[in-house]
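A.B. asks: Hey, can you work out the whole structure from these sequences and the hints?
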Amino acid sequence: MARTRRDLLAALAGGGVVLAGCVGDGSSTDSGDETDTTSPDSAAGAPASLPEDSYPGDCPAYETARVICYDPVAGSDDTPAVENVPAVLEPSTRSLSGGESIEFVLSNQSDVPLSTNFYNWRLDKRVDGEWYHVAPLAVNQPLMSIPPGERHTWSVTIDNSAVEGGETLPRASGTDDLTLAGIGGGRYAFRARGWFGDDHETDIAFAATFAYEADPVELTTTPRIDRTEFDGDTLVAEAGDANRTYLLESAPSGGERRITEQLLRSPPHRDAVALARRHDADRVRLDGYDTPAPLRDGLGRFRYDGDHYELTTQGDDCGCRQ
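Using the UniProt record's numbering, the letters of the sequence shown correspond one by one to residues 1 to 322.
In case anyone wonders, no lab produced these hints; they're calculated from the structure.
Certain hints may be false.
Label-pair ranges, simulated between beta-carbon atoms [claimed, not checked]: (1) Ser173 with Pro223: 28 to 34 Å; (2) Glu103 with Ala242: 36 to 42 Å; (3) Ser161 with Ser250: 30 to 36 Å; (4) Leu143 with Ala242: 34 to 40 Å.
Keep in mind the model is a prediction, meaning the values are calculated, not measured.
Note that beta-carbon positions come from the ideal geometry of N, C-alpha and C, so glycine has one too.
C.D. replies: Laid out in structure tokens, this is it:
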């Protein structure tokens, strides 16, 4: 690249966020810049002169009005950088391996505040040409902003010790220093989200892709499983005294594909599929299985590693077979 990324960012001047989850507190800034974490009153009426172009590149599509992916706007030796982009998300490196960290800097190059939510970052993984949402599963929803000329940094570290030790993955959340578990090697995209002025309907995804050089992550069981035994053709796993049961059965077809990084974040899926594959079982029943909340959204048929499954449940907070 003819110019450094920092030089390119100086020439860049684009932006969005959907908020979900429960209210959190605080935010983080970098390089001594103070980032406003209150509703940006001065943001109302963003100038119509702000560019409205989209630069999706090879980033995920997301559910936003526009996508500004780092590679198309940063340019390369063969492609010039795009100027007049109001905001951009810059990665500190394009690849990392175990034990290393990567930073993502969202810079507001416009002359109006960028409304955003530092909790609402997102990680996706590309597998066989498709993008799959990995983390986070829930998002705190305070309204924050980045003033003109300032920036916010997320520092991401990957630590798979919880998976290797058979532990339940910790919740992935935060506004600056993020530690992610259950991440295998591959190509990923990190995304921030926001909008300029008070027009939240024209939200923008700011994204950057990177490679994680590592072995595939293993689908292991969690500490919830006390013991297992076959009852006829059904593998029964005792998981405690809770009044909830999950049943995993082989299915002939149907359902969306799921990747290992996704199953690891859903304890019932993780335990049931890992046990089915370990014991070559077509039916796995998790008895007394306790989860923080009933798993309703993830029930039904899905595909994993070429096999088709269906997960149903009954018990607490349900009262019926789903």
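A.B. asks: Confirm or reject each hint.
C.D. replies: Results for each hint:
1. Ser173 with Pro223: 28 to 34 Å: Violated, since Ser173 and Pro223 (Cβ atoms, about 21 Å apart) do not stay within the stated range.
2. Glu103 with Ala242: 36 to 42 Å: For Glu103 and Ala242 the Cβ distance comes to about 41 Å; the hint holds.
3. Ser161 with Ser250: 30 to 36 Å: holds (32 Å)
4. Leu143 with Ala242: 34 to 40 Å: holds (37 Å)
Of the numbered hints stated above, the single one contradicted by the structure is hint 1.
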